[in-house]
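Q: Below are the chains, spelled out letter by letter.
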Amino acid sequence: MNFMADKDAHLGKEETRRLERIGYDASEKERAGSFIQQDSDLLLRKTLHEDIDVMGVEEALKTVPDAASYYGKAFAALGREYPKETSGGYYIRIKAGKTVLFPVQACLYLKKANFKQKVHNLIIAEPGSKVYIITGCTAHIDSQEAYHLGISEFFVGAGAYVNFTMIHSWTRETSVEPKSIAIVDKAGVFISNYICLDPVKNITMYPTAVLDEMSTAHFSSLMVAHEGSAQDIGSRVIFNGRGSSAEIISRAVSLGGSVTARGHLKASSPDIKAHLECRGLVVNEKGRIHAIPELETEYRDVDMSHEAAIGKISKEEIEYLCSRGISKDKAQSLIIRGFVDTNILSLPELLKKEIDQLADRTLKSGL
Amino acid sequence: MDNSLKIENLTVEVGGRVILEDLNLEISPGSTLVLFGPNGSGKSTLIKAIMGFENYAITHGKIVFGGEVINGLSTDERAKKGIGVLFQNPPKIRGIKLRQMVELVTRRPAQEDIFVDKLNVGELMDRDLNVNFSGGEMKRSELLQVLSQRPKLLLLDEPESGVDIENIAMMGRVLNAFIREHAVASLIITHTGYVLDYVDAQHACVLMDRDIRCYDDPRKVFEDIRQFGYEKCRTCRGQ
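Which chain is which? The protein sequence lines are V and E, in order.
Heads up: the first sequence runs through residues 1 to 367, numbered per our numbering.
Heads up: the second sequence runs through residues 1 to 239, numbered per our numbering.
Calculated directly from the structure, the hints in this document are not laboratory data.
Keep in mind the model is a prediction, meaning the values are calculated, not measured.
Backbone N, C-alpha and C define an ideal beta-carbon position, used for all residues, glycine too.
Any given hint might turn out to be false.
To be verified - To give an idea of the interface, some chain E residues facing chain V are shown, with a C-beta separation under 8 Å as derived from the structure: (1) ASP76; (2) ALA79; (3) PRO90; (4) ILE93; (5) MET101; (6) VAL105; (7) GLN149.
I would like the entire structure built from these sequences, with the hints used as guidance.
A: Encoded structure:
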């Protein structure tokens, strides 16, 4: 693998179009770094801020002395195995005590037909640092029965803050399996925003955050399942320290596809606070949503709650909008767009507008 | 401008039950009719039937607006013809802001709409429609939306219910000015009669037993209802 590609990547028209759909900003005006991997080739890696390192994970393992000690560590912490036959992935690291407000952007792009892209990412936020990351995964329209496996290990140091936004925009034939674990040290904050509004064949993911004392995790997801899509998507938080807290929020819309919306809060320590909220909207008769919220603890001194609600679009709401002169189709898409509420995401101000416009565009063409 | 509403021999069923039967009603161009009636008599049903809501089946009769039979039109087409509704209990819609509604209706930035200031709804503009709105906020939001449509015919379903006295006065003045300025025709449902203090209504009638019972001066009808209750309407005035 070529890991010296830190010049500008030359992207074709289709690539540029696909990448823009996942929040990639080619101008890099408001980015602290960029990374693009196509299939197993590194196309671009660029650091635009002195407090951040962005490179391919293989390069990091060769050149950064302690990188290898992190590799696989999150899985080991949970006693889990992980697929070893990966090629590529990104390494993002922010220096202790430093705050970088512009997000780092990383893209994983599937181009070859029937290709199996398998990456292993490492994200290290040293103690007291603060970083925003936007990562997008997408596939070329002709990639056919392609497969993407994305392993991500996050290490959020003591008092550090990681705000991670992931946008998926696949094709109807792509199968996707992200496997993510975040290890959050004392008083650290891990925020995960997940957005998947385009068709996909199937996605199975259950990212997990492991929280130390006084730390926080916040998972929020916006999902639209088109006809033929099967999405089994959840978030899990394991509380290993007193005073830790978490929130899992999801909105799932089925336009004929199947959604399994999971959430698991496991308090392995007393004095924790956690809430899980899952709302589903079934628009099409063929659609299916299965919400599985789980709360688990052996301690009495915990405050854990969940709420789940699934429904269809109410006729009353449609007719109300129609009575203002809005057509029935437009009313329906307004309600769906409103339901896919980007405000549930914990986005930095900088990305809020971008993500909103992205959702507008994607839902406009998808409904 | 012909913004008259004529309802001829209208029968409306909801879920197979006859709610309005052979009802006749007329609002001449630019005039205001107040509709009284006991709870559950079908006043809101009449408004929803005029708007063409799906569960309100018209099994007989005609609705004529501006000289045109509108029975066959969809709800949004009726709105586009110039019929605007203020709902008594509008639904909560998450993710849709009041600002968005005004902009969708007017196709202009909401801050340009004069009624945003007049109705003092600035702080409601970026909130989800009717979510956690107080009674008064909901009615001001409704009035803003319906006036931003610049309708020719206003259907107001209890515009003052849940609104404090001060805001009733403010809404009443805005409403009356709009009706006068644009020679709007209107149908106003009221229980309290407060709206009569602000809007010049020429006629009133009572809806009970599935039909209209009387036409008369609004204050006279309201005074009678206050004194004798709706039972009297059944015997004293007839049709």
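Q: For every hint, state whether the structure bears it out.
A: Against the structure, the hints come out as follows:
1. The criterion of a C-beta within 8 Å of any C-beta in chain V is met by E/ASP76, whose closest approach is roughly 4 Å, and the hint holds.
2. Of the supplied interface hints, the one on E/ALA79 holds, with its beta-carbon coming within about 4 Å of a beta-carbon of chain V, less than 8 Å.
3. Because the closest C-beta pair between E/PRO90 and chain V is about 6 Å apart, less than 8 Å, the hint holds.
4. Taking 8 Å as the C-beta cut-off, the interface hint given for E/ILE93 holds, the closest approach to chain V being about 5 Å.
5. Given hint, E/MET101 at the interface with chain V, holds; its Cβ is 7 Å from that chain's nearest Cβ, closer than 8 Å.
6. Given the 8 Å rule on beta carbons, the hint for E/VAL105 holds: about 5 Å separates it from the nearest Cβ of chain V.
7. Hint status for E/GLN149 relative to chain V: holds, with the closest Cβ pair at about 6 Å, below 8 Å.
Hint check: no violations occur; every hint is consistent with the structure.
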